[in-house]
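Enquirer: Residue-level listing of the chains:
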Amino acid sequence: MESQQPVLFLFGASHQTVPLAVREKLALDATRASTLATRLSQTPGITEFALLNTCNRVELYGVASGPAPLEQLATAVAETTGCSPAELEGVLQLRQNHDAISHLFAVASGLDSQIVGETEILGQVKGAYDTALARKWTGPVLNRVFQKTFQAAKHVRTHTRIGEGQISIASVAVDLAGKIYGDLHPVNVLVVGAGDIGLKTAQAFQSRGAKSITVASRTLSKAEETAATAGGWAASLAELPEILATADVVASSTSAPGFVLTEAMIATAMDRRPARPLFLIDLALPRDIDPAASEVPNVFVYNLDDLAKIAEGNLAQREAEVARCHAILAERTVALWQQVARSLGNAD
Amino acid sequence: MSSLPTDRALLWLGALLYLAGFLTGLVALLRRTPDSRRRTWLNALLIAGWSVQMAGLYVRGLAAGGCPLGNTFEIVQFVAWSAMVLYFFVGTAFRVSLLGLFTAGYAATLALASLLIPAWDASRSERIFGSNPWIELHAALAVFSYGVFGLLALTSIMQLLQNWSLKHKRLNGLFWFLPSVVQLDQINTRMLGLGVLILTFSLGVGASWWIRDTASVDQGKLLVTVGMWLAYLIVLLLRWLAKLVSVRFAWVCLIMFIVALLSLGPVNSSRHHTVTLTPSDR
Numbered sequence: 001m002e003s004q005q006p007v008l009f010l011f012g013a014s015h016q017t018v019p020l021a022v023r024e025k026l027a028l029d030a031t032r033a034s035t036l037a038t039r040l041s042q043t044p045g046i047t048e049f050a051l052l053n054t055c056n057r058v059e060l061y062g063v064a065s066g067p068a069p070l071e072q073l074a075t076a077v078a079e080t081t082g083c084s085p086a087e088l089e090g091v092l093q094l095r096q097n098h099d100a101i102s103h104l105f106a107v108a109s110g111l112d113s114q115i116v117g118e119t120e121i122l123g124q125v126k127g128a129y130d131t132a133l134a135r136k137w138t139g140p141v142l143n144r145v146f147q148k149t150f151q152a153a154k155h156v157r158t159h160t161r162i163g164e165g166q167i168s169i170a171s172v173a174v175d176l177a178g179k180i181y182g183d184l185h186p187v188n189v190l191v192v193g194a195g196d197i198g199l200k201t202a203q204a205f206q207s208r209g210a211k212s213i214t215v216a217s218r219t220l221s222k223a224e225e226t227a228a229t230a231g232g233w234a235a236s237l238a239e240l241p242e243i244l245a246t247a248d249v250v251a252s253s254t255s256a257p258g259f260v261l262t263e264a265m266i267a268t269a270m271d272r273r274p275a276r277p278l279f280l281i282d283l284a285l286p287r288d289i290d291p292a293a294s295e296v297p298n299v300f301v302y303n304l305d306d307l308a309k310i311a312e313g314n315l316a317q318r319e320a321e322v323a324r325c326h327a328i329l330a331e332r333t334v335a336l337w338q339q340v341a342r343s344l345g346n347a348d
Numbered sequence: 001m002s003s004l005p006t007d008r009a010l011l012w013l014g015a016l017l018y019l020a021g022f023l024t025g026l027v028a029l030l031r032r033t034p035d036s037r038r039r040t041w042l043n044a045l046l047i048a049g050w051s052v053q054m055a056g057l058y059v060r061g062l063a064a065g066g067c068p069l070g071n072t073f074e075i076v077q078f079v080a081w082s083a084m085v086l087y088f089f090v091g092t093a094f095r096v097s098l099l100g101l102f103t104a105g106y107a108a109t110l111a112l113a114s115l116l117i118p119a120w121d122a123s124r125s126e127r128i129f130g131s132n133p134w135i136e137l138h139a140a141l142a143v144f145s146y147g148v149f150g151l152l153a154l155t156s157i158m159q160l161l162q163n164w165s166l167k168h169k170r171l172n173g174l175f176w177f178l179p180s181v182v183q184l185d186q187i188n189t190r191m192l193g194l195g196v197l198i199l200t201f202s203l204g205v206g207a208s209w210w211i212r213d214t215a216s217v218d219q220g221k222l223l224v225t226v227g228m229w230l231a232y233l234i235v236l237l238l239r240w241l242a243k244l245v246s247v248r249f250a251w252v253c254l255i256m257f258i259v260a261l262l263s264l265g266p267v268n269s270s271r272h273h274t275v276t277l278t279p280s281d282r
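Protein chains in written order, with my numbering: chain W, 1 to 348; chain R, 1 to 282.
Chain W with its partners taken away, still in its complex shape:
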């Protein structure tokens, strides 16, 4: 005879198990998410639930009165997303009790994310819980599970190196600028070239409060276009020597065949501001900045390879921490499951 004890469950799919094409079909916009939630709230035997819906995962966390109501979950998802049951065969995973807690801990801590250790997911889990709480979809079990999840995620983040170090080129560049200038608010950023990577770098500096962004390009109209997107000023390449004397960070990403910034240009600029460091970021291939410029005092030159190496190092460091994080979370999972099991009347 099948056990009728309540179960804590996780039901759904994520980037770990499902390819992008399928995730696109499973993706829930606001309407679909609302439809699914309404459906679940009307499903007999589902006593609590929360819906975590991000670009990389659609996951339902909940409490069911027994195994029987769980059989309706696949149908609910299939009907909401418009997928056929055949399409969802083997796609949606069900985890129960201890395993469900373990998975939620890993998700909230960023261990299950595509970019290991990223923090955005914790905000998304909090958002999912807040919504469920506000709409009274949760109850005592899920409330406890989510609160403990947030504590566990915070503990892992503060006691391991899982979130340390940037892993995108633009963020690594911003971090390096922090090592040179500390506060980035008084920093003037010059972007040479109107390409996408230069724009992303400019935006990364802008998000950290850089004082000004100037975009210099061979074609002024392109510079104006990029400057408008980045919220900065446009300039022509002819003005480069003048702007260089006042710039603190220069990110260059032109398609020029030779050096756009020569050692002589940089040395001349530094003569006018010897006490203020100059951080040169060469994002171009072939390189825009003469590497010999790094010999000029107070000038720091980094190219794409340098930044990529730092990003790779940071990612490797994060991945090396994953096992340690899992070990920390495993202890907490056991402790929480013992509490939850008592609440559910589960003797496991």
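Hints are computed from structural coordinates only; laboratory data are not their basis.
Check before you lean on any hint, since a few could be wrong.
A partial selection of chain W residues facing chain R, derived with a Cβ cut-off under 7 Å [said to hold, decoys possible]: (1) P274; (2) A275; (3) F300.
Glycine is no exception: its CB is placed at the ideal position from the N, C-alpha and C atoms.
Given the structure of chain W, go ahead and fit chain R onto it with the hints provided.
Expert: Relative to chain W, chain R alone:
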């Protein structure tokens, strides 16, 4: 040797607490202990070490009947004590990452070296300031300025390390925790200004008494002291005019302090006159 064994015992304890602070901080850093916990332990040990060291110097002062600056041992202890005082102010004001660790290592080195070299404490000049508190103030401020220059040398080392790590793209480990280049440069400039100001005031006080009794100060001491002051003043001016910046500025500050430390010997050995000023001198 000291007539009061308890002062040396206290100074030993102070030095060992500085060393414990340095080692604790270093281990915590290598283990990546969170900043706040690392700082709390380090600062607790440094405050304890500083208090015990001050107690030791106080006992010495009671025996000497004035500021304990009667031999190289006492001067070096006072320099370490001054650096720690400054760290408590500078570290708190600027929240300079790793400065506590560097200061702990520096103070422990100075304090332990002074305790382990018996010759530095083999004899001491008695009542070197006579009964004149102004001369005592002059000497205390001069040695305190050395404490400032000592801390400046530490932040200069930090700047050299940070510059090297950024130039050579070696940003792992301890390097990542160093303060920014700009922050270190600002601290160095302010520290240099403060040191020069204190030394200038100290020399001003000394000079006002010296002109009343020029024979009271040895020529060698005068030349070395004024020479050091002038050199630091020139460095400050060059930095202010942006003629001496970045790595060169840091190197000069570091070398200057080594020279200043080496000059302590000649200054101390030439200071055997007891300045006794009569009421008519005042």
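Enquirer: All the hints need checking, so say for each whether the structure fits it.
Expert: Now the hints, each set against the structure:
A hinted interface residue such as P274 (chain W) counts as satisfied when its beta carbon comes closer than 7 Å to some beta carbon of chain R; here the least separation is about 5 Å, so the hint holds. Look at A275 (chain W): its Cβ gets to within about 4 Å of chain R, closer than 7 Å, so that hint holds up. Against a cut-off of 7 Å between C-beta atoms, the interface hint on F300 (chain W) holds, since the closest Cβ of chain R lies about 5 Å away.
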